[in-house]
Amino acid sequence: MQSAMSRTGNQRGQGARLREELIAAARALIVRPQTLELPSLRAVARDVGVAPSAVYLHFASGEDLVDAVIDEQFGELRHALESCGDDLAARAATYVRWGLSNPGAYQLLFESADRLPALADGRRPGWDLVQRLQELIAARTGRSEAAAFPIALRLWTGLHGIVSLRLHKPDLAWPTTPEDEAADAAANALRPPSGGMPE
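Residue numbers (this note's numbering): 92 to 290.
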């Protein structure tokens, strides 16, 4: 693709070329993984009413501050899920309700391409939530934890899809409630393996 400075005008009969180039450039920009735009330390300090240097009394960097927010939000989600005990259907419904009630936090935790892999210190916050699904599925179905792992990932994927699609497609006439969809996903995760014997 040519830069704006080197582009020459279209020749006669090529009027559609600029339109095609504009669409191609917009597509290239739009389909790139987007990062969540985080506030600057200066903006955070301004909201608290302190000088930006005061932030460094508690956080070594902006990354550390964002990591603290991630830890806090995972803590809130974890607390909500733990209140359900070992009831997988209740956990699934709670996960979906929490995501829909906290869209900004949900997007930070699960939909930000630049934040998902790991925190600055290498931890994978929230991974314990998937491991807990794995444990519950293994205990309820008699499967080994290794056999329950892909089922836990599929359940998480399904729950994430429920939250994400409802956040991004709120005007769609959904035929079911998010709670019903979560209950179905949990029930599918607890189905016995084919043959009826534990894996």
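Hints were generated in silico from the structure; no laboratory data involved.
Just to be clear, a hint being listed does not mean it is correct.
As the list claims (entries may be wrong) - Per label pair, the in silico range of CB-to-CB distance: (1) R108 to L256: 29 to 39 angstroms; (2) A278 to G106: 53 to 63 angstroms; (3) R133 to R282: 47 to 57 angstroms; (4) V141 to A278: 23 to 33 angstroms; (5) P194 to F150: 21 to 31 angstroms; (6) L120 to G252: 17 to 27 angstroms; (7) A171 to V141: 44 to 54 angstroms; (8) Y147 to G252: 33 to 43 angstroms; (9) D177 to I121: 15 to 25 angstroms; (10) D219 to R108: 17 to 27 angstroms; (11) H149 to W265: 39 to 49 angstroms; (12) L256 to R169: 20 to 30 angstroms; (13) R245 to C175: 16 to 26 angstroms.
Stated by the list, open to error - Below 20 angstroms or equal to it, Euclidean Cα-Cα: the simulated SDA-like pairs (lysine to any residue) are: (14) K260 to R188; (15) K260 to E202; (16) K260 to D271; (17) K260 to A159.
Glycine included, C-beta positions come from ideal geometry on N, C-alpha and C.
Of all the hints given earlier, name the ones this structure violates by number, lowest first.
-> Violated hints: 4, 7, 9, 10 and 17; rest satisfied.
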